[in-house]
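*Asks:* If you follow the hints, you should be able to join the two separate chains into one complex; please do so.
As a plain string of letters, each chain reads:
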Amino acid sequence: AQKVTQAQTEISVVEKEDVTLDCVYETRDTTYYLFWYKQPPSGELVFLIRRNSFDEQNEISGRYSWNFQKSTSSFNFTITASQVVDSAVYFCALTSGGYQKVTFGTGTKLQVIP
Amino acid sequence: GAVVSQHPSRVICKSGTSVKIECRSLDFQATTMFWYRQFPKKSLMLMATSNEGSKATYEQGVEKDKFLINHASLTLSTLTVTSAHPEDSSFYICSVSGGRGDQPQHFGDGTRLSIL
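Protein sequences appear in the order of chains U and C.
Mapping the first sequence onto the working numbering, position 90 (from 1) lands on 90, and the numbers just tick up by one.
Going from the second sequence to the working numbering is simple: count from 1 and add 1000.
Worth flagging that the hints you see were computed from the coordinates, not collected in a lab.
Among these hints, one or two may not hold up.
Keeping only pairs whose Cα atoms sit at most 25 Å apart, straight-line, the calculated PhoX-like set for lysine-lysine is [as the list claims (entries may be wrong)]:
#, chain 1, residue 1, chain 2, residue 2
1, U, Lys-101, C, Lys-1041
2, U, Lys-101, C, Lys-1055
3, U, Lys-109, C, Lys-1041
4, U, Lys-101, C, Lys-1042
5, U, Lys-101, U, Lys-70
6, C, Lys-1020, U, Lys-101
7, U, Lys-101, C, Lys-1064
8, U, Lys-3, C, Lys-1042
Next up, chain C with everything else stripped away, as it sits in the complex (with noise of 0.2 Å):
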């Protein structure tokens, strides 16, 4: 399966800071990685469809101008979090995938985002 590296996995910034999260598929050429934003004891929430090469696919309620993600390769995805206030404080993971569905997903090992 693939091996995906995020990084970083912990930061902690004050208020007003931009801050960002890069996911490198280390193995695997992705054309899409998936980005999920976990709060504590809470399941994971996808945020975001990062598509190499053209625009991502944001969810419903999620503000693209808040977070900007860039799959500028077919193996790193970048996810900034612009103007970070303490609200934006969580766990990101993303993740890839190596088929339509039926293949399971390859999660990074997260960044833990502090907002002071």
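If we strip away everything but chain U, and leave its shape as in the complex, we get (with noise of 0.2 Å):
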């Protein structure tokens, strides 16, 4: 069975302060594949980044940040000096055994106040 633990409902934050989503997986597949989603109000998601379960490798884009862990089963998510467009319910999610079929967290809204 697969799983993935999103244990931060909400967030707020003050603009530019830095903030993290946590994301944790269980998973008994040896690959698999990890994604974060965003959806902001207007309702759609927005693919952000994947990961393979060989690639430990932490990634940036921009303000954003990646940091997986196999050690903890943790994919977590780091937005630098937010902002108040980085506002939006993110998703963490898995899909392994090479099948379609994606496995999504809870999600965190994240609110950025001005």
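*Replies:* Encoded structure:
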């Protein structure tokens, strides 16, 4: 069975603060893929990043960075110098076993206050 | 990545009406599409996997006679909510994936269904 846990339901930060969104996953497969998606208030889901289970290299893209640690089964997402446009619900997700079915976390709602 | 168009974006209709939602893959031939339902402030719940040319695979607890899925071509899947009732009101989202789990899902913009 697969599971993705996002323990933080809602986070509020003041603009320009850094914020980390936590994601912990469970899977029995050795090959799996982790994703982060952003859902702004308008509703559409936007793909942010993908990581495969064999690549623990952290990644930075502008103000976004991701920390993947297999030892703790975590795939955390950090936004530095947050902006109001970052306000959204962020979902961590998992696929494994060569299947397309996605297991989503419950999402973390981020509110960036100007 | 795949571009996915979902239509309509919003539907308001009376109880008992059947509503059809279309999901089109504009630049990718999708043998598989997914339909999700999202309640307010909740995560996405997978309803069914839509398979081109064959029957959809429904998740446990999803009524297949209530939520009819048709995937007649490689670019179009439809979800019909039959005899809709207020409890069917929700945000419905379709997605397309280009790979076998290794590729991200590309989502339609969603359909907000409100049954009066």
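*Asks:* Now tell me, hint by hint, if it's right for this structure.
*Replies:* Hint-by-hint comparison with the structure:
1. Taking the CA atoms of U:Lys-101 and C:Lys-1041, the gap is about 22 Å. The hint holds against a cut of 25 Å.
2. Among the hinted pairs, U:Lys-101 with C:Lys-1055 is consistent with the structure: their alpha-carbon atoms are about 16 Å apart, no more than 25 Å.
3. This hinted pair checks out: U:Lys-109 and C:Lys-1041 have alpha carbons roughly 9 Å apart, not beyond 25 Å.
4. Among the hinted pairs, U:Lys-101 with C:Lys-1042 is consistent with the structure: their alpha-carbon atoms are about 18 Å apart, no more than 25 Å.
5. Simply put, U:Lys-101 and U:Lys-70 have alpha-carbon atoms about 21 Å apart, close enough for the 25 Å limit, and the pair holds.
6. This hinted pair checks out: C:Lys-1020 and U:Lys-101 have alpha carbons roughly 23 Å apart, not beyond 25 Å.
7. The straight-line distance between the Cα atoms of U:Lys-101 and C:Lys-1064 is roughly 18 Å, inside the 25 Å bound, and the hint therefore holds.
8. Restraint check for U:Lys-3 and C:Lys-1042: the C-alpha separation of about 16 Å stays at or below 25 Å, so the hint holds.
Violated hints for the displayed structure: none, as all numbered hints are satisfied.
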